[in-house]
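Could you build the full structure based on these sequences and the hints that come with them?
Here's the letter readout for the chains.
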Amino acid sequence: MFSDIFNTYDWDETRQRIRSKTDADVAQALQRKGRRSLDDFMALISPAAEARLEEMAQLSRLLTQKRFGKTIQLYAPLYLSNECSNICTYCGFSFDNKIPRKTLTDDELLREAEAIKKMGYDHILLVTGEDHIRVGVHYLKHAISLLRPRFSHISIEVQPLDQDEYAQLIPYGLHTVLVYQETYHEKNYRQYHPKGKKSNFSYRLLTPDRLGRAGVHKIGLGVLLGLEDWRTDSFFCALHLDYLEKRYWQTRYSISFPRLRPYSTQGKLNGNTGFSIQPQFMSDRQLVQLICAYRIFNEELELSVSTRESEKFRDNIIQLGATTLSAGSKTNPGGYAVEPASLEQFEVCDERSPGKVAAMIAEQGYEPVWKDWDKAFS
Amino acid sequence: MNTLKIADKEFSSRLFLGTGKFGSAKQMEEAVLASGSELVTVALRRVDLETDTDNLLSHLRHPHIHLLPNTSGARNAKEAVFAAQLAREAMETNWLKLEIHPDPKYLLPDPIETLKAAEELVKLGFVVMPYCHADAVLCKKLEEAGCAVVMPLGSPIGSNNGLQMRAMLEIIIGQSNVPVIVDAGIGAPSHAAEAMEMGAAAVLVNTAIAVAQNPVQMAHAFRLAVQAGRMAFEAKLGTKKKNAEASSPLTAFLE
Numbered sequence: 001m002f003s004d005i006f007n008t009y010d011w012d013e014t015r016q017r018i019r020s021k022t023d024a025d026v027a028q029a030l031q032r033k034g035r036r037s038l039d040d041f042m043a044l045i046s047p048a049a050e051a052r053l054e055e056m057a058q059l060s061r062l063l064t065q066k067r068f069g070k071t072i073q074l075y076a077p078l079y080l081s082n083e084c085s086n087i088c089t090y091c092g093f094s095f096d097n098k099i100p101r102k103t104l105t106d107d108e109l110l111r112e113a114e115a116i117k118k119m120g121y122d123h124i125l126l127v128t129g130e131d132h133i134r135v136g137v138h139y140l141k142h143a144i145s146l147l148r149p150r151f152s153h154i155s156i157e158v159q160p161l162d163q164d165e166y167a168q169l170i171p172y173g174l175h176t177v178l179v180y181q182e183t184y185h186e187k188n189y190r191q192y193h194p195k196g197k198k199s200n201f202s203y204r205l206l207t208p209d210r211l212g213r214a215g216v217h218k219i220g221l222g223v224l225l226g227l228e229d230w231r232t233d234s235f236f237c238a239l240h241l242d243y244l245e246k247r248y249w250q251t252r253y254s255i256s257f258p259r260l261r262p263y264s265t266q267g268k269l270n271g272n273t274g275f276s277i278q279p280q281f282m283s284d285r286q287l288v289q290l291i292c293a294y295r296i297f298n299e300e301l302e303l304s305v306s307t308r309e310s311e312k313f314r315d316n317i318i319q320l321g322a323t324t325l326s327a328g329s330k331t332n333p334g335g336y337a338v339e340p341a342s343l344e345q346f347e348v349c350d351e352r353s354p355g356k357v358a359a360m361i362a363e364q365g366y367e368p369v370w371k372d373w374d375k376a377f378s
Numbered sequence: 379m380n381t382l383k384i385a386d387k388e389f390s391s392r393l394f395l396g397t398g399k400f401g402s403a404k405q406m407e408e409a410v411l412a413s414g415s416e417l418v419t420v421a422l423r424r425v426d427l428e429t430d431t432d433n434l435l436s437h438l439r440h441p442h443i444h445l446l447p448n449t450s451g452a453r454n455a456k457e458a459v460f461a462a463q464l465a466r467e468a469m470e471t472n473w474l475k476l477e478i479h480p481d482p483k484y485l486l487p488d489p490i491e492t493l494k495a496a497e498e499l500v501k502l503g504f505v506v507m508p509y510c511h512a513d514a515v516l517c518k519k520l521e522e523a524g525c526a527v528v529m530p531l532g533s534p535i536g537s538n539n540g541l542q543m544r545a546m547l548e549i550i551i552g553q554s555n556v557p558v559i560v561d562a563g564i565g566a567p568s569h570a571a572e573a574m575e576m577g578a579a580a581v582l583v584n585t586a587i588a589v590a591q592n593p594v595q596m597a598h599a600f601r602l603a604v605q606a607g608r609m610a611f612e613a614k615l616g617t618k619k620k621n622a623e624a625s626s627p628l629t630a631f632l633e
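Just so you know, the sequences run in chain order A and B. Going by my numbering, the first sequence opens with residue 1, and the numbers climb by one from there. Going by my numbering, the second sequence opens with residue 379, and the numbers climb by one from there.
Check the hints yourself; a few may be wrong.
As the list claims (entries may be wrong) - In silico DSS-like cross-links for lysine-lysine, where the CA-CA straight-line distance does not exceed 30 angstroms: (1) Lys-33(A) - Lys-483(B); (2) Lys-218(A) - Lys-518(B); (3) Lys-218(A) - Lys-383(B); (4) Lys-218(A) - Lys-197(A); (5) Lys-66(A) - Lys-483(B); (6) Lys-246(A) - Lys-218(A); (7) Lys-456(B) - Lys-246(A); (8) Lys-375(A) - Lys-404(B); (9) Lys-518(B) - Lys-356(A); (10) Lys-519(B) - Lys-501(B); (11) Lys-383(B) - Lys-375(A); (12) Lys-483(B) - Lys-246(A); (13) Lys-494(B) - Lys-102(A); (14) Lys-483(B) - Lys-141(A); (15) Lys-494(B) - Lys-246(A); (16) Lys-494(B) - Lys-483(B); (17) Lys-404(B) - Lys-141(A); (18) Lys-494(B) - Lys-518(B); (19) Lys-404(B) - Lys-456(B); (20) Lys-519(B) - Lys-117(A); (21) Lys-518(B) - Lys-383(B); (22) Lys-118(A) - Lys-404(B); (23) Lys-483(B) - Lys-375(A); (24) Lys-456(B) - Lys-375(A); (25) Lys-218(A) - Lys-387(B); (26) Lys-375(A) - Lys-187(A); (27) Lys-66(A) - Lys-404(B); (28) Lys-118(A) - Lys-312(A); (29) Lys-312(A) - Lys-404(B); (30) Lys-141(A) - Lys-33(A).
It is worth saying that the hints were derived from the structure and are not from the lab. Quick caveat, the model's predicted, so the values are computed rather than measured.
So, in structure tokens, the structure goes:
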């Protein structure tokens, strides 16, 4: 299990190792023939690599095109519920946040799905808060089987489940599970997640192991960028990925880059949550560095950039390493058709329609891909 | 140049194309036309079988172009056989490029599941073209299973590394009774020419063309390289024969 490896690392020491990487280390990582190591990844995400960002971007673009061609995959999130039994100090769905709660009924779910289908989507990501009672495995089974005839590829981003629960969902049409560790800083993790099942750091940490054993096709990893030092957290995420790829070799992997935004979270973080650590906001430049570092480290990895990011950033990142984009996203249950005005989980930054985003992709000589899976592959 | 016969079809072009990774369907179409290819492979997973207006397929409607559906995405024989049947119905062809890769990172073919699926698909009446390792024994077994061709890889798919499996490919070509098509790893026209000179019946190219700065021109370059390589192969055969005739028999003194 990943904990066997994870426990041999120390956060502060790792952070120091990244900070002590030199330009020579970065140059070596860039020039290396063949596959790069975790140590190279460390150099690529280090402050020393900032001076070689253009070089990294050029290489990242080449490697991405070699593997993925000039294509960008598109998907839409469908929020099923904002019920949540956790307290997370950075999230709009947090249990202690007094917002109207909603879980879609069958009829509402189908109306939302229809609206998404009309935009052209064939790949869908189902999102819920973390509530084992209201949106437990039975609800998910039901939701997936309702959507199965309409979409070629179904992903979920919900509370971590047990191995046999994941295994139960696969025959219904589950392909991909996204589960972000948020942070690998074990001690501070408890401060961000003081209540609810999510406060159990190691249950979350071992979720990808359970997914791998259950035989889920694709696993999406990530950290909430800005919660802790993004370099250290990203190193641990890469370490996790490296372990998983070798262990669960039949699984595909993707990385997402949820980044804390000052405008959407400031009030909460500085508010009355008793939150002592200031978020460490990550700049656009640093996010580009991270995306390129992942690509150079792992040529086959899918890299996903959501509508949290700005139009300008997304327009440019498709040439630099990203392979997957969402577009026209609504982050509230019912947001597409049922109840467009309800409260969102996070503020969407790029509000363009999927059609507009697809046109932008095509303008850059890339093909927007709506379908890259088939129901034939269970 | 000899034509290439596979099942009931004859091909004057020995360059087969993949249709993924292009910047647009239109660019893909132009590249396919420039390549002169008559057989292009299309991933079932990329095609919307529920509409008649699929973007990819609508750009491949030319009388000289035959579609070769592939099962990319299948992880075992069962999935591949199911996908093959869907593809046969939707694309109205019993030709099939059999791809089974349980490993999504390197996309390496599973020899055991591929052989299993090939046996079954042949029985179901498919013209089976299996993507496989450059493994001479496996290729013989696929031939015995009734596959129309074998498609060993030149090097890992998408790597553009050329014929790193050269020694094995030579053995496979040397002993095969079905056409050997080098699939995967061909990154430059010179690699394609090399495979053809070696005696490959055809090559299948995708990444090297799709990702080139000018895919249409690169497609044309591959067309020429494949022709040149084939001509050289055929010419070499002729030359050898001539030499043999010209030399006096070493055993004449025995008479």
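Agreement of Lys-404(B) and Lys-456(B) with the hint, judged by alpha carbon distance not exceeding 30 angstroms | violated (34 angstroms)
Could you grab the alpha-carbon distance between Lys-494(B) and Lys-246(A) and see if it respects the 30 angstroms cut-off?
-> Holds, at about 26 angstroms.
Pair hint outcome, Lys-519(B) versus Lys-501(B) [Cα-Cα no greater than 30 angstroms] = holds (15 angstroms)
Given pair status - Lys-312(A), Lys-118(A), alpha carbons within 30 angstroms = Cα-Cα ~26 angstroms, so holds.
Below or equal to 30 angstroms on CA atoms is what counts here, so check Lys-218(A) against Lys-518(B).
-> violated (34 angstroms)
Satisfaction of hint between Lys-404(B) and Lys-312(A), Cα-Cα up to 30 angstroms = holds (27 angstroms)
When you check the alpha-carbon spacing of Lys-383(B) and Lys-375(A), does it fall within 30 angstroms?
-> violated (34 angstroms)
Could you grab the alpha-carbon distance between Lys-218(A) and Lys-387(B) and see if it respects the 30 angstroms cut-off?
-> Cα-Cα ~39 angstroms, so violated.
Does the structure keep Lys-494(B) and Lys-483(B) at a Cα separation of 30 angstroms or less?
-> holds (22 angstroms)
Going straight from one Cα to the other, do Lys-483(B) and Lys-246(A) come out at no more than 30 angstroms?
-> Status holds; Cα separation ~10 angstroms.
Restraint check for Lys-218(A) with Lys-197(A), where alpha carbons must lie at most 30 angstroms apart = holds (24 angstroms)
Between Lys-404(B) and Lys-141(A), does the CA-CA distance stay at or below 30 angstroms?
-> Roughly 40 angstroms between the alpha carbons, so the hint for Lys-404(B) and Lys-141(A) is violated.
Comparing the model with each numbered hint stated earlier shows that hints 2, 3, 9, 11, 13, 17, 19, 20, 25, 26, 30 do not hold.
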